[in-house]
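In order, the protein sequence lines correspond to chains G and V. Just so we're on the same page, our numbering is the position in the first sequence counted from 1, plus 1. Just so we're on the same page, our numbering is the position in the second sequence counted from 1, plus 1.
No lab work stands behind these hints, which were simulated from the structure alone. Check each hint, because a few of them may be wrong.
[Said to hold, decoys possible] Over 12 Å on every C-beta distance to chain G, these chain V residues come out as not near it, computed from the model:
hint, residue
1, E46
2, R47
3, P77
4, G91
5, E118
6, E143
7, A192
8, P270
[Unchecked claim] In silico contact screen, one side only, chain V against chain G (beta carbon under 10 Å); selected entries:
hint, residue
9, K260
10, R264
11, K290
[Said to hold, decoys possible] Below, a sample of chain G positions facing chain V; criterion: calculated Cβ distance under 8 Å:
hint, residue
12, L52
13, V82
14, V86
15, E110
16, W113
17, H114
18, L117
19, L141
Backbone N, C-alpha and C fix where the C-beta goes; we use that ideal spot for every residue, glycine too.
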Amino acid sequence: MIARIPTSLRRSARISVTLATLALSGLGAFGCASHDRLLEDDVKVTEEEVLAAGSAKSPDVTNHLHHILDHRGDYDTSIVVAALVAIGERRDTSSIQPISRLGSDENEEIRWHCVLALKAIGGPEATAALERFADDKSVLVRDEVAARN
Amino acid sequence: MNWRSNPGVVAPFLVAMLAAISLPVAHAAVGSKIDPQKPAAPIQERKLHNPLIENAKNADDTSRDVVAGVIDYDVPKLEAAIAKLEKRAGTTDSKPDDDYFLAQGRVGLLQIKRFYETDEKDKMPPSLEKIDLDSFADATLEIAQRYAQAHPDHSDIQRVIGEIYSAKIRGMTGGMTQGPKAKAAIEAALAKDPQNGLALLCQGRMHYHNPSFAGGDKNLALVEFRKVAQDIDDIRAHLYMARIYRDREMYSQARFFAKKALRVAPENPEGKLLLSNAEAAEAKQKSEKGGSR
Chain G
2 MIARIPTSLR
12 RSARISVTLA
22 TLALSGLGAF
32 GCASHDRLLE
42 DDVKVTEEEV
52 LAAGSAKSPD
62 VTNHLHHILD
72 HRGDYDTSIV
82 VAALVAIGER
92 RDTSSIQPIS
102 RLGSDENEEI
112 RWHCVLALKA
122 IGGPEATAAL
132 ERFADDKSVL
142 VRDEVAARN
Chain V
2 MNWRSNPGVV
12 APFLVAMLAA
22 ISLPVAHAAV
32 GSKIDPQKPA
42 APIQERKLHN
52 PLIENAKNAD
62 DTSRDVVAGV
72 IDYDVPKLEA
82 AIAKLEKRAG
92 TTDSKPDDDY
102 FLAQGRVGLL
112 QIKRFYETDE
122 KDKMPPSLEK
132 IDLDSFADAT
142 LEIAQRYAQA
152 HPDHSDIQRV
162 IGEIYSAKIR
172 GMTGGMTQGP
182 KAKAAIEAAL
192 AKDPQNGLAL
202 LCQGRMHYHN
212 PSFAGGDKNL
222 ALVEFRKVAQ
232 DIDDIRAHLY
242 MARIYRDREM
252 YSQARFFAKK
262 ALRVAPENPE
272 GKLLLSNAEA
282 AEAKQKSEKG
292 GSR
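Just chain V, with the same shape it has in the complex:
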């Protein structure tokens, strides 16, 4: 057996080499200061909080509209809030945390676009179709990194940076180039604040989406999402729980978490889609087993 006749043999080594090269680079890129001597407490022992909601409480209406738009997938509201933040940037009207909310709002748009691309292509809002992923994500990254430089002690901006890198991932190659950067940023956020529920959610997303050779572990993702769902009632944690249970054909659990998501944001289109999927599949499963609920 040699690598010319069996090219598949060398693939794991290539992946390992790429990871070995890119991880330290990514850590350096986000200024990660992870102390390996101080591991975070086990997930179950942490009491999580939601820094985005907490920061929004001290912000103005425009910033709060960003957060609401992201949660509801309300694209017009989100775009209007982003436009206001961009308009007041550099003026006397700007607020100290504008770039944090701006970066959050813009990456939120990319995540909503991803949902429509994957699940509801026909219903994609036209303004999202026009967004060019790479240039929009790069501009968002600049905003976030500018904020991170100006606010090195901010507990949540590295999480936002991690989400931007994650949003740039498309396919295996994207995973190999952007994945380690996203991972490093999320780890930096968790090192700074192990109780950051949104950063734990991002870690769960990596465990959910990554292939197993790159650290993917759907069972671990489920534990992380459940903890986030329980502690901070975050809509994305509920949506991921609904997805995992749908994928495992455990439809009553999927329906429960879709309902939990809709309790947070009743008009969220992903929640509505997952609920109708779960209801239909659950009914079909019951009729196949010859029962009725």
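If we strip away everything but chain G, and leave its shape as in the complex, we get:
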């Protein structure tokens, strides 16, 4: 039966299937990250999934981002950093406290991103929290506090 289908048609079908497979795998690989694992507080959540939460509409997402900050020891540094980037994008003043609690974290990369997140949130409360980082032991963190933008 298959042998009766013209060769050109079979070739076209094969190309179409290949292109569809590539397109589907491409969607998974580039920029179409969901944040299901974030909502389940799964420690295996990826950077892309956490970052996708930055623009998610559900307000509940913020609580799950806070969960990452509050359980910093359970997550890889890159995930905590991604959570801070996403929090900065959401600009929710309820994030100021969880961010401030990371002010004494050993990791310079995390403290530097805390500064960025507080600057992004803005307002008097965030500015006050930022003061805590003005005397940070890292010059990169102190410079970022001092930088206006």
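Place chain V on chain G using the hints.
Okay, now just chain V, sitting in the frame of chain G:
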């Protein structure tokens, strides 16, 4: 379906065959003694160190200039130090580790040339333009192998040899011929010293640059670079981190690591370029999202 009408079908088999043939040859070439029964500890459990910096502490000013020139991408300083080492070779002024630093300095020049070729062609120093990659790399390999023969217990020379093979790679064909040799040398360095942070960096580079069918894995590269950046504050680890995050459009992370690189070497041109790229892209991204930092 047959291979004449679909030549792409046989490509993976050809690659696998080439790898199967070249890997044992490459292992033999570098005298690798990897014991498969003794796997190294997981990356996170290793405390890395920087053998180049440690060796430089016991060396003279010329050798230290090599290391500084490589870190800063200071081509005149590096060339002057290399010329001094070459001049004193075979004389009573030569030092036991001269060939190690000489090979390191020369491969450093090739890596700096690669940066300018790829990212800043207009700013390439004229002396780098004159370097012929293959003959220069082959001469460097001879120096490194001579040192490796004279110092079989040296913990870092196989890493340098791996870097020389890596520097010779140009395109897919270069990857297939030189890649396995580089991999074998780096593995030999790590087998000798699993805490060699520069060898782990080289492994990360292979994972970063190789296509996935040849073992490339950018996520694994990121883990390796992060570990090197954290343990030995190596500029190249910071630069690669900045590149990976730039490629992923995570610009604040890219900016952080470019700044870390510039903290190690404030005049490093690659660090400066990556920082300005990250700053510009981050500002654009923020304005597109309708916010301001």
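Each hint tested on the structure:
| no. | hint | verdict |
| --- | --- | --- |
| 1 | E46 | holds, 15 Å |
| 2 | R47 | holds, 16 Å |
| 3 | P77 | holds, 28 Å |
| 4 | G91 | holds, 46 Å |
| 5 | E118 | holds, 28 Å |
| 6 | E143 | holds, 41 Å |
| 7 | A192 | holds, 27 Å |
| 8 | P270 | holds, 20 Å |
| 9 | K260 | holds, 6 Å |
| 10 | R264 | holds, 7 Å |
| 11 | K290 | holds, 7 Å |
| 12 | L52 | holds, 7 Å |
| 13 | V82 | holds, 6 Å |
| 14 | V86 | holds, 6 Å |
| 15 | E110 | holds, 6 Å |
| 16 | W113 | holds, 6 Å |
| 17 | H114 | holds, 7 Å |
| 18 | L117 | holds, 6 Å |
| 19 | L141 | holds, 6 Å |
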